[in-house]
Amino acid sequence: MLPPFRDGIDRRGFLRTGSLGGLSLAEIIRLQRASGAEGKSKKDVNCIFIFIIGGMAHQDLWDMKPEAPAEIRGDFLPINSKVPGIEVSEILPHVAGVTDKLAILRSLTHGDPDHTAGYHVMMTGQHPGFGGNFNRNVTNNNMHPSFGSMVARLGRNTGSFPPYVSVPNFLNSGGPSFLGPSYAPFVIEADPAAPDFSVRDIVLPEGVNSDRSLRRQSALRVMNRFEQPVETLSRQEQSLDTFYDKAYQLMTSNAARQAFDIDRESLATREAYGMTSVGQCCLLARRLVEAGCRFVTIENGHWDTHRKNTESLRDLLVPALDQGFAALLNDLDERGQLDSTLVVLTTEFGRTPRINVMAGRDHWPQAFSIVMAGGGLKRGLTIGATDKQAASVIDRPITPSDMAATILTAIGIDPDLTLHTPLGRPVQLAGGGRAVHELFL
Amino acid sequence: MTMLRSKTIDRPLTSRWVGFFVVFAFCCWGPITDGLADDTGMIERITVEPSSITLRGANRMQRLLVTAMRSDGQLIDISRRVHYESRNREIVRLADGVAVGLADGESLLLVKYEDLEATVPVRVQNLSEERRIDFVNDLLPLFSKLGCNGGGCHGKASGQNGFKLSIFGFDKDADFDALVKEGRGRRLFAANPASSLLLKKATGASPHGGGQRVKPGSPDYEILEAWIRQGMPPDQPGSRTLVKLTVSPTERVMEFGAQQQILATAHYSDGQTRDVTDAAGYVSNATQVVEVDRHGLVRVGQVPGEAAITVHYMGQVGSVRLQVPRSKISPSFEFAPQNDIDHLVAAKLRKMRIVPAELADDATFLRRLFLNVIGTLPSPEEVREFLADTRHNKRSVWIDLVLERPEFADYWALIWSDILMVDRQKLGERGAYELHHWLRDQFARNRPYDQWVFELITATGNSGTNGPANLYRAVETNEELARTVSQAFLGVRMECAQCHHHPFEHWSQDDFYGLVGFFNGVERKPIAPGRVFVYHSGLKETRIPLSNRLVPTRPLDGNIVTDTATDPRRVFAQWLVADDNPWFARLVSNRLWKHFFGRGIVEPEDDLRSTNPPTNEPLMAWLAAQMVEGNFDLKKLMRLIANSRSYQLASATNETNQDDEQDFSHHYVKRLPAEVLLDAISHVTGEPESFPGRPPKTRAIELWDNRLPSYFLEIFGRPERTSPCECGRSSEPTMSQALHLMNAPEVESKVTSPTGRVAQLLKISNLDNDAMIDELCLAAVGRMPRGPERQVAQTLFAGSPRKQAAEDFLWSLLNSYDFLFVK
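Heads up: the sequence lines are chains A and B, in that order. Mapping the first sequence onto the working numbering, position 153 (from 1) lands on 153, and the numbers just tick up by one. Positions in the second sequence are counted from 1; adding 1000 to them yields the working numbering.
One or more hints might be untrue.
To be verified - Derived EDC-like pairs: lysine to aspartate or glutamate, alpha-carbon spacing no greater than 20 Å straight-line:
1) K1351(B) / E1617(B)
2) K1540(B) / D1563(B)
3) K1636(B) / E1775(B)
4) K1803(B) / E206(A)
5) K1426(B) / E1720(B)
6) K1803(B) / D211(A)
If you are wondering where the hints come from, they were derived from the structure by calculation, not from laboratory data.
Bound conformation, chain B alone (with noise of 0.2 Å):
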């Protein structure tokens, strides 16, 4: 096994290969690469964290985290290779790199890495009083540490053989009155605390599902018995709170095979810190890049990316970054600037040490142009213009032109249809048909988005007219309207909060039930079948269910709402869409940026906790700050977008590029969407699709009924709109699509079509066959046939009729993943 010692995959392995020993590098983690004896540099200084310890009472433990600092810049994790030693071991002893206070009195650490050295001053205080056992601060966590409260285990919306916590300690009122009143009783006896149920169960004395948990006489063990020992006291008012937990490090650079300890503090309201390291949660984003375990060790794998590792501790969160670039050496390249865009992704680059691609041909810039911008292929005739235009600056023209085509309001109204759930089947014919009418209408005048969002949330009328209206008949209730408006236009997931203390955020049910309350009194007045009357009856008071408290109306993180004679939902619309509102901006703008290069900066798209950081927070800030300056102009942007030299630049990877799959290192190929699809087999083949009802020549990107039957649409992933994302559309490719395109009778008769493509290019009689297949190829893949591809055609005319090779050749280039993904 030492073997994989400092060695790192080398490219073209077989895939085979690479699955292989990616597994086996993983089942070794300790004998990798230790990032240390390297000839890129000596280790030129060690920092310990914290600087400075005081354990008091209960807080007898806490974490040192070591960090070395090589010459060339890099920092390394060395907790758990340094040599500890207490100055008077009374006071303070060390056990795996933690400080555990032994009675009161002062210390001195030392902290020794070769020849240098570190000190670290240590106070003891109140070790030997009796401390009063907090129920949240001491006894909830301890629950988190061991594991009994997550959601595998007592923590599940079923409990676990009858006893059940609140997931992650949220609920602390709930947590003790499963300890101390349900069971009769039973779990605890403060005579004899040893034979509480808990205690036998957590130290395994008595039979436990989850084996033994706790150690006899451990500190753990000591709090939970002390706790019961002094009858079991409830949490107490006016004791201190947790006010904030802080991590460290909040950033790193990692190599293959490193591993980094993380060290959480809480802060309380009394000023006090506590090390938590142990009892906080850790979960990590890209488990394939790194992993993490309970006590917050992280551990880097073979595989190069990017990782998020969110610590939660009761109620509080904070996040890690970690870059594991791809190699140890810094190339280097030249990234001649388009705009602004460029200098931020280059920045990026660089960090990860990653070559960028190459800028795409004109043609493929052209048809990624086409496609992103109006779902619509290029016309032969308009490849051949763009080839033959001269003009440097021919792309910057292009994209201004295409951002004017009419197909640009279809497009992004169909996609916008998605994200405001405009789903026939909920809304009937005429209200889907108004709003997404409505859509459409915003778009075609590019109406800053500020502004057409502010109208529909305030949405008041006849749903039969006012297509916005209809909004509040896509989301029927109070709670959902919370959930959809803050995840379609904030980013922010609240669903979790509705139920319970979001685990991996610092929303509470407070926040949720403070958005609810903006649209609690909206009504809905039936005034003839499938029409209503939307308005707002006033500000309400609002209760969360079940416990009957009232919660008052606010915005996230903002002031209480008390104005009675507003609606509400304008007073809700002016936070929302304000210049300084954090998530506004940056979410349309990371939507763009998705739509744009197949990946958003933050991923997924509309989930922009701070847990789940941006891959590339320069760059977001950058956009966000655009949007606002350029007054919501959301084709503004896009022609930003579209002008950088990121945009175009080519799919085809090189050595340092070919694993990134988040710096926008080379364009991300993506398949057309399931209409946008439909609608290029349409115009390759020259022979339109007709829908049931719609007018002849309709096409797909047109079609405000998202329930129109369509086995093609359906198979390519056409959403059902019942969420408020774009997380419904499916381009994940199937069985099923490959035979369809292959073999369904309906693509088929496209392709033989007397009236077609192939039809009309036979009827010209000076055509020949060459001329034939440059036709073909500029409708289908929007270029001219490589050397084997004509080829390939010509073929296919030697070996027969001049029909029926046409077809062929047409077949071959619409089941070409040339033709199916956005290259």
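Extracted from the complex, chain A is given alone in its bound form (with noise of 0.2 Å):
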């Protein structure tokens, strides 16, 4: 006889007091009030967070200015939305039916041209603090945790499913900082577009079987004596058997192991998305949120365009993600999901006002779009306006911790709470930004 089989997560799940660690106890009890007893509220909202690498022109896509000169408006024409008032890029004619879901954030600025420092400022909401340069060798995000980070640390645990994933690489700014590795994300390394996609390590290896599994799981929990009280681990050994019981409802669940199996969404689905990075991204992560995972962050690259800017706008990087990102809000929409997900669709930075001597655009911080879709949001709606050549914002600028503020009140976390990095120093979890309150019903 094997003796028998754990006995579940409950004893060896909870939060311990090793883990509080970080913490000071004010900002634990804080936390406890913030997520208090009022049981499930509509702040249960999770984060579909889409980070366009390179810098998104905001002129040839959101904020169009048909009326300026053809080296400023460039190539793309503006065309009628679902919503009457609401134009945008001709080159977005899926987003165009959907704009009645969405709002476009027509005044983002930072003023960094830097990439390095746009990454982080707009996945964490505060400028890293190095400035200047471009290319710099610097560290990536060891000054702020990203959001997906700050939702792991801080947003409700749904139980077996990681709280934050990342698809289908790691973003550089993207991590932890000072909570500690334990908030990583769960990379899946992986592209849902290829046709031998799979996520690395969830499944067992060939030529073990479940039954072997079992066999060896069984051994494993006499190794690790599991019939004596956790308490008696060290912390570290603590923490990982947090992860060991995670990692192995992750492999024997089969709804968590199925939402990562985007072969079991139809083809007509699928195709829906687009069979492209970006839209298998945003179908995965539509499922990987229904299966109870707090943020998903995908990440989509090359929109560096600083030669053949419409070129490469129009056959290149705009089409999956016209159709990937629409098809995302139609199919949350008609899930009934929409409201409980909150979809950002976000970048480092706009691109130059004057297109250059390559025909492309450079960067540009001063002035440029977001879109922020569900959560509970209005939706329909443009924010903010920039100048006749989309070149500085004339109505509501929006810093990045603005949108930090707006995106974690969205998802029920309080912006103003102040965490303690491990030497001391406190620092405001959206740096000081204020919710854009326009949004908020």
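Make one complex out of these two single chains by using the hints.
As structure tokens, this is what we get:
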């Protein structure tokens, strides 16, 4: 007879005193109050965070200036959309059909033209603090936790599924910073559009069937003396123990593993999102959120259109995003999940008003656009405005900290919460930003 | 809530309970044990600080600190429990333990606690005459006291709503301009101070994001108002300056639920002192043990341990070390010392009322020794040999043997390559190889640490052939060199002082640029792709950017360097490695200690600032002295550490030491570092890892290329080597690690390899199942199987084919905590 199998998550899965490290007790009290006993509120909102790497040309997509001279307005024309009065680019035909589900924020501004700083400030809400030059060799992500890590750390835990997942790759500023590696994303490191797509290490290796796996796990149980109270383990062992629990649940939970199995979607659904990397990432993200994931980051690269901006956008970059993003909003809405899922489409900065000699646009952090949808936010509106050349914000500037506060508020985390770094420096989650109140009902 | 009175946490509680209890207890600070009405002793006497008081001019207030001594020697803050009385209430009155001067004259304060009494004479001077408000000494501190210039408010780099102050008031000129000149002068009106925006905002009369910070008519308001009325005088050249900050108490043992007021006193160049308790800032480095509010009141929770409170005031700092023992009763225990380390460790344990763990068994000791010293598992044969060794001094003998193993140089070169940022991406293949190779050679020869550091700092020549010259390629600017060298070899973090006065330390920009000066003039002449010729072109003037101010070159707290004939780096390196350098020997001793014990005596190990004191100062001082006395022979100190009883303690805990994470009462369990773990898996499975472009059987600890693609090394925390510390290396567990160890085809193929350990064992004809189980256990966890382990292994062998059973047992060993951790 093999020893009985492990007695479930309860004894070993609960938050332990050791994992209180990093928060002061006052903070814990505040968190407890914040997450409170009011039960499931509308604040159980998940987030799908699409990051356009390289800098998304706002004036070619979201903030068209048809009246501007040709070298400013570019080659694209605006088209009407589902919402009267909201125009988007002609290369966003799918998105034009879902503008009643989203909000375009046209007045983002932060002023740092560097990619590294741009990623960081737009993925964490705080400028990394190094400043001035391009292409600095700076360690990413040692400055402030990403939104996903904040959610993993502070959001309501939904059990077995990893709370923060990054698809298809890790984003440089997507890490936990001082919150510690326990709040790093689970990175799938595989492209869901690939025919042989599978997630690393979540299925048993070849030659090991479930019977054999059970025998191994039973032996491991004895090796690790699970009959003893978990308190007899050291802090690091307890922490790994928690991850073994979660890993094992992921491996053995059909629902969890199936979440990664994108082949379970009908061909029609997959094609509705488009058989592209970003399209299938959007679809996978929806599946992960359904399975209990709180925050999914989608990385979509190569938007740094310093040359041939028109062709790059029209032929290579925008169609896949247009189709996948619109399909995601439609799908979530049809499933009644749009109000409980915040979708953010963001980027490190916009692009220069004037088209350069290589027919490209360069970096422009002074004014640019992002899109937010769902999560209980108002739908079918635009916020803020830029001048005639889409060069500077003339109405309602929104800083990355304001964006952070908006995202956190929508998700249900107090953006004013102050955490302390290991060296004791107080850090406000959203860097003092104020949520864009016009977005909230 | 009062049911919590004097209740202590009994172990074992379920972890759920503890988490809840701690939170709950902290919700109600007030009514927890007062430490007075107690069976441990009576109050024997009370003392009052300060013992006499002089209040002058704008300085009208002085907090009193009343301390009771209990008959068992325990000191308790009773400032909030005593009765205060002023003999002459026209001269001075008392409000919440603070003496407030009202008119010139003298009075006597009476402090009464039960039948005990103390008196404090008070003199009030120059109160009636209007005194000129001093911008630096009177006004700026107010902004700290009121919280205006903190990092969360107007002190942050971007200011707040258009009004920006320097953080904690370090830049008096910028603050003066911000107040007087910016905003078109609308912030202050000398003709009508009350209508100044500053006062309207501060009092909340005009909408203010920070709310009301000061009440009209309060002493703080009076200072602000008087300064404006006097025409906003700037800093007066020649006026008295702040020379130091003292705090009281500096150290205290406290009990659960107790409170302690800190008293902060500023000392000025003219000999005057001032109570700045309310104006100083306070930070606790262990908020789970103690919290401190902005008035300097410390509150102990229900978690035992040790904390340091940093007190900072106008660029000066002080610290208070607090110890919260686990129990009120001092336990008695035997702790047979094996060398002097043990006396020092035991002394601290007695103070903290902690009973140390038992001595670890031989097998645990051997595995720990191998992993710590050479990053390598002992082989089954070595384990057997050691267990069979009957010599009474066998541990000492084996320590000497392991220290002389060739893997020693590989492992320590890896560790130091992290600290010195030997990053292939930055240095290129040649540079990374040369610097790593040079480091390895220093350890292979056990060259004295001071000597090789001297050579490294003064490195000159071709980076393609002279390894240490690559330090100047890894670090490319003079500012970064100053930061790197001070962190890596002194444990002094200067990064804050590059831009502003260090908030928690007395370093200023002048100190930082004084160090930068030594590197100002380092030249890197390109001689071939990826190679430079490094040399120093001689001492130069160094200026602070922006202010463009000239700063003399000098070491920290040292003399100005003017010698233009010598390479300034030599002057610096001589100062650096000198026996009397207060940091150099300390840092390397602390690094070694942390490597062997899993935690530094100072933590983080490379942050030796005065406000981050060691948990055991006598031990720290003694180790550093040994390092100097032993002429920086690193192996010698390692030998001393490894031979101590303290190092050889078991990781299993008892009632009294299970919460201890800083006094070395038991061995702190740590996961094997990435490279060591990968090598261990290769060793146990008998299937070496193959690294692209490296000879077969290359071990991970031998790699000089930190960017060699390896999913395994990445998820187990291999550092990128972009900062001068060991902090880039993570040993924190993640879910990817658990998934990888359980399911990765790469690991599985090692377990089931046809040439691996299991396959080899199966070929031995007379090896029965029990012997097979022994072999696998010895290889993986360095000991014989325990009873239940043997049983479960036998069950596996009974239920499946022999090969499969052996593989399954090996798999479970590789995923076991006894394998993954150094116990």
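Requested in this report: Kindly indicate which numbered hints from before are broken by the structure, ordering the numbers from low to high.
Outcome: 3
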